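Participant: Okay, here's what each chain looks like letter by letter:
Protein chains: 6
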Amino acid sequence: MFYHVKELQYRAKPERPDALYAKKLQEILGGQFGEISVALQYLFQGWGARGDGKYKDLLMDTGAEELAHVEMLATMIARLLENAPVGDLEVAAKDPVLSAVLGGMNPQHAIVSGLGALPVDSVGNPWTASYINASGNLLADFRMNLTYESHGRLQAVRLYEQTTDRGVKDMLSWLIARDTMHQNQWLAAIAELEAKENVVVPSTFPRELEKQEVSYTLFNYSAGNESAKGRWAYGTSMDGCGVFNYVENPVPFGKKPKLKPAPPYIHDTPLSVLRTNVHPDPDTM
Amino acid sequence: MFYHVKELQYRAKPERPDALYAKKLQEILGGQFGEISVALQYLFQGWGARGDGKYKDLLMDTGAEELAHVEMLATMIARLLENAPVGDLEVAAKDPVLSAVLGGMNPQHAIVSGLGALPVDSVGNPWTASYINASGNLLADFRMNLTYESHGRLQAVRLYEQTTDRGVKDMLSWLIARDTMHQNQWLAAIAELEAKENVVVPSTFPRELEKQEVSYTLFNYSAGNESAKGRWAYGTSMDGCGVFNYVENPVPFGKKPKLKPAPPYIHDTPLSVLRTNVHPDPDTM
Amino acid sequence: MFYHVKELQYRAKPERPDALYAKKLQEILGGQFGEISVALQYLFQGWGARGDGKYKDLLMDTGAEELAHVEMLATMIARLLENAPVGDLEVAAKDPVLSAVLGGMNPQHAIVSGLGALPVDSVGNPWTASYINASGNLLADFRMNLTYESHGRLQAVRLYEQTTDRGVKDMLSWLIARDTMHQNQWLAAIAELEAKENVVVPSTFPRELEKQEVSYTLFNYSAGNESAKGRWAYGTSMDGCGVFNYVENPVPFGKKPKLKPAPPYIHDTPLSVLRTNVHPDPDTM
Amino acid sequence: MFYHVKELQYRAKPERPDALYAKKLQEILGGQFGEISVALQYLFQGWGARGDGKYKDLLMDTGAEELAHVEMLATMIARLLENAPVGDLEVAAKDPVLSAVLGGMNPQHAIVSGLGALPVDSVGNPWTASYINASGNLLADFRMNLTYESHGRLQAVRLYEQTTDRGVKDMLSWLIARDTMHQNQWLAAIAELEAKENVVVPSTFPRELEKQEVSYTLFNYSAGNESAKGRWAYGTSMDGCGVFNYVENPVPFGKKPKLKPAPPYIHDTPLSVLRTNVHPDPDTM
Amino acid sequence: MFYHVKELQYRAKPERPDALYAKKLQEILGGQFGEISVALQYLFQGWGARGDGKYKDLLMDTGAEELAHVEMLATMIARLLENAPVGDLEVAAKDPVLSAVLGGMNPQHAIVSGLGALPVDSVGNPWTASYINASGNLLADFRMNLTYESHGRLQAVRLYEQTTDRGVKDMLSWLIARDTMHQNQWLAAIAELEAKENVVVPSTFPRELEKQEVSYTLFNYSAGNESAKGRWAYGTSMDGCGVFNYVENPVPFGKKPKLKPAPPYIHDTPLSVLRTNVHPDPDTM
Amino acid sequence: MFYHVKELQYRAKPERPDALYAKKLQEILGGQFGEISVALQYLFQGWGARGDGKYKDLLMDTGAEELAHVEMLATMIARLLENAPVGDLEVAAKDPVLSAVLGGMNPQHAIVSGLGALPVDSVGNPWTASYINASGNLLADFRMNLTYESHGRLQAVRLYEQTTDRGVKDMLSWLIARDTMHQNQWLAAIAELEAKENVVVPSTFPRELEKQEVSYTLFNYSAGNESAKGRWAYGTSMDGCGVFNYVENPVPFGKKPKLKPAPPYIHDTPLSVLRTNVHPDPDTM
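Protein chains in written order, with this note's numbering: chain D, 10 to 294; chain F, 10 to 294; chain X, 10 to 294; chain H, 10 to 294; chain A, 10 to 294; chain C, 10 to 294.
Derived by calculation from the structure, the hints in this document are not laboratory data. Computed from a predicted model, the values in this text were never measured in an experiment. A portion of the hints provided could be inaccurate.
So these bits of chain H aren't anywhere near chain C, every CB distance computed over 12 Å [claimed, not checked]:
#, residue
1, R20
2, D97
3, R175
4, K220
5, T226
6, G239
7, L280
Computed from the model, here is a short list of chain A residues facing chain H with C-beta under 8 Å [unchecked claim]:
#, residue
8, H13
9, Q18
10, T84
11, A126
12, P135
13, I141
14, S144
15, P270
Glycine included, each C-beta is placed from N, C-alpha and C at the ideal position.
Can you build the whole structure from these sequences, using the hints too?
Facilitator: Take a look at the structure:
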């Protein structure tokens, strides 16, 4: 259950409106790695967590915080949109900033949301739950969380570079710091789990059931052997269970597949038509 | 540029058709963490890589391999669908397996693809590029890749548990082994980059520009302090640049936001209407 | 900013697992009118509200509550999935319930979420922000909210009819009651705004700027005049500003449009090709 | 069955081309509340209507009209795009209007549709049927219809403010007037149904089956009690069946949920790993 | 402008309800090649047609007809859903047909649409405008139309095979016949345009501006030379402007690309990190 | 299985960066008819092909080639984005080109991909598998392929017109030439299949099972009889099996449908409410 307080986690006030930047800032609100993504991803992972209270609590702590970040960004975007120009381009043509804003702002900020934030990314794609995941396997999930905080901080930093507004930069410096913490915390949780299990997810599948002869092999499917120089091509594998090896000229292990004709009720191209061109494929598996 | 050979990387032949399992197997072909996702993600990361040949080559090696996995799964699914029952339920009612298949198979396997694989997941959602990412920052991207191989192997293992078909299990044992390698290789590449940079992505943003006082703080936004027991709540941070600390009762750092009214041309609820209920909000920031 | 407590708003425990019902119940979690929709819709409306504290507070109160409903449903679904059968259909064939479950459950509940809830609807479509809206105009938004609570309660009631599990029914009876309240509350807020403004949204657009001769006219575009018998076809209009009238045989007010040819750089079908068939269209506007 | 006449319901001719405005105008053609949405929503509601001819006829009348509005907007957009500049930005740089148009127009209007309207919104999202609904419950559906006409008119009014073109304004004044009618007509139909049933949808669910002790309660989940001042917090409820009450400090009614571990074949984080941190949670429900 | 009559173009009445078949039949209503697709595709092509009345009229004739087909299918589906079982699986377990239906029907048919048709395909994906196109180039568009009628008829035929209901088959026999006509009509229109222009779309691009040395070349990128036996590998090309030729061992025409490093404000992996592994790539273009 | 070589099929190097054009060029990379679409469509058709090696080989040849085109476009776009301006609009205002670029470029090219190509179209919609199809019926599929090459070449030509950069034009002249070949090759394959089967897809459905009386009829559903002048309205049909005929005033063949009320557990509008308005509909079928 959730309680809301009206105060923001941190202030979200720009020096001046900037409708074009408002559009860009949508990316870390409603984009793939935006705050809606992390909020809902952590909450769903927490709600689905079967077991230890420590990890579940961490997920719920952080999920609740990310909701506060959605709120901060929604507030900032609404303020960046204040007095957004929405008028006729001919009229605005004398002011180059104005005409670039008219050309570049997200028109839905005026037409749809009435100068409020939208649950969309910087090009206007609506947020979709296909961005997120909660699998029940904490190591897999925490890796995804680390990924999202890495991309999230990267995008916040890129946005920091794209403005001179001190109010915006102030808020971003908060979000970037929190992403630093969240990367650190998922790294800590991952380290703990990797120490207890193994680095390969899931750790519970019996290794003898996998085709172990190719579990540590790098196949060189792209010409050139620069990749042979990497740590992944020689020495003990990262999971400590094997030795990396490199295959310069990989060949197929399977045969050429040949599918049986479909039954008549499927109405594929009839075999009689194909048969006029048929030639033997003796090597098919 | 790509060359194709007709032989499969590894064999993909079930013991017997199983239309319901064909539907499930679609998950690791066209789902969020399926082979289309990793193939296109690695290729886009490789095509966008600005710089070192080693990492780019690794991306292209693996991207090309994942295309071969798409091919294996497409072949397997087509074979699992052979002779799929598509008829009238009343007629099939006498055979419980048949009627469960009729109820449970993906109807598009008969109507749309004519007993071939579809570029969709196990419930029929078409694959979407919103699943994937290539950011230009290799550490961020390799973490995403590790995530996808972790979830991918997890899902392959879960599917392994859901069949007794030895042909299917044989193919899955190959894919699971390759996921073992790919987790290992991204772990190796990540370790290399983390050693050269820092564990926090991006490593190039000056730390003094972030709000460092909250860069290592765990805020307890979910009642209960189980999360205080984790490695993330005390001791040196994972990036070696700070000390974790835990705030049991976090308070807001910002004030209650108050937005200015929208201009008249936006046609929000008019202020005159709202004003009849207005009461002072002196504490807003 | 949000605080979370671990306790549920209301209990969410089924009598027994039921994987097929878990799939259905996803509709009111992650469907068009599900709890994610209302939670995020109310929060975005609240965050974007420019003005009166009373309405904004109501939106935040209710938005926070809906998050608690997402949590209850996620918990219930995870419990309904406990021990879900995921095995081989041939093996399960002797038990008709088991085989129907295997045919009918959402395969992602086993493969993707590991027996947890998914942010999807009852057929597996991921939740999308294109379901929701926050316009800045409170009357328009509250009508949308009333709509969502109406459909939400309708769907909860339909789901109530589809189970005999007393634990599920108990939880649904809570959600249905809350939907009763939420319909009532939006009705109250709508009545207040309609009394102050007018029933037509937006109330601020000068009526003389619209084509008033058709502002109260029902055009009979579907043969048969049953619709002439409705209140909407005669008498004073609901906004009190006009009189409804009914046009049995509506004719066009515009002319046949004729578009100019596209410029050559667009490479449409060339005019020379079309011209061989040209015939005069003198009546185009 | 449908018949088409070539004449437009009302004229749709701008004074001059304006490719940027063409992009914006797409919102009320192919956006969430655009004409495609209302056309298909009313038609699907009409086709699914089980019963009274009066409501069904009204739905079909209005659905057919909305198709005419799609046609008007498609025509207007095609004309606004005539002679759209699509060339090189360097060349256009001397004309600020031209360069703003080149920066701001929807590139698909040139590349994809060849200067015709697209079935998309103002940022280019393709229209999706997830916008609409037909539930079989007329009161729920008519509320949705009223919502769509409210948002539709709001957006048309906002677009009216964003142009000085008299031809565009003329067409919009028609659409705005029709939205006035359609809001009025759904209000009339709603009033009729509410009088016969009850304001709570669905009216057919026995009230004693819902958890009536919370059917009229406002829980204050967002700090601050401004919402206590609203009509929804005291007095007889809008459905006449209860009395609103306000709970300032709501507490949970449920307990902390604890989920059982997943079975081994799901390969979640193994319990042995979690157990090293396990601590008792005696109060879980 | 459109007029609707209540009568159906052709009857749409099944012998008996069949909720599972109703789900399947959704494919040709709301799927990729369903009736919504063709209706809106033809109408958008007609509305965007710049020029000849003959083609535009044909598009509008057929677009209006397809709306009538949507109506027939919506009616048929609603009837197939009558008395759909929606209850408890345990209760239904004694009847294998019932339990297969409960497992296999689209749950939204009960929960969302109240036993009406949905604007979705056979697995529940909402119809999306990304299925369709109107380009302004009639030959390109008519080829797309021919494609849609080909796939549409194929799917209708496959559905015909999957039922024994004479009412359903009767309606499908109508739709299949109309698809026969529509394939014929687009073939006729295509033949006319190809005769006037050329078979290559667009015909207006000067051939000397394309890299003509590869305009008739088949590159053998997939090992094995079966494709050398096709008409496309030798002889005069279909457009009469060249001679097909076959390249058995195609080599790259370009060089290995090398991208410049990104500017610092993008925060990619820093060059200093990459440089430790740098090795010369002299052959890049 | 696939092998990759680092060299490009053809060079992809612009004369100068152009971030706005990079956005546009995304259309033929990740749009509906872009290279991802054709690559995956041909590969899925090839993998699903049941039968003749000639057609399957052609599909795999061309599918592999289209992957090379994705690579060329990704390379070109990354180069067009080099040094893209991403800064503050106020600062850039003195340079009209710069401000138009800032207004018009895809913000995700800076924030998300770090100046690399994205798997999206020219307005930023992520590529989706709902664009493509593989049906198992080769004639249907080859018609779809011809359509995609027609639209693909049309869009490439339109993009050729929108730049003066000789490097871009050079690459486009290659792609346009390849589209010429691919249109020719699918035309050749179609001609071969049409000669063996019949022009109507699928050719295997017994004609006597369709409602043949309307298999060659053009119904005039859009007022005006321009369409009567087309080849499709008279003479022998294209399939040689019938004679086209034209019906100027088409009437319904079906009756007005009347649906039975839904069962009570669906909670539609209750019949008692509707009944107060009921009037007889004696003519319903």
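Participant: Does each hint fit the structure? Answer for all of them.
Facilitator: Here's how the hints hold up against the structure:
1. R20: Holds, because the least Cβ-Cβ distance between H/R20 and chain C comes to about 18 Å, which exceeds 12 Å.
2. D97: violated, 5 Å
3. R175: holds, 27 Å
4. K220: holds, 18 Å
5. T226: holds, 24 Å
6. G239: holds, 29 Å
7. L280: holds, 38 Å
8. H13: holds, 4 Å
9. Q18: Hint on A/Q18: holds, closest Cβ of chain H at ~5 Å, below 8 Å.
10. T84: holds, 6 Å
11. A126: holds, 6 Å
12. P135: holds, 4 Å
13. I141: Given a least distance of 7 Å, the restraint on A/I141 holds.
14. S144: Since the shortest Cβ distance to chain H is 5 Å, the answer is holds.
15. P270: The hint is violated - A/P270 has no Cβ within 8 Å of chain H, the shortest such distance being about 25 Å.
Hints 2 and 15, counting from the list given before, are not met by this structure.
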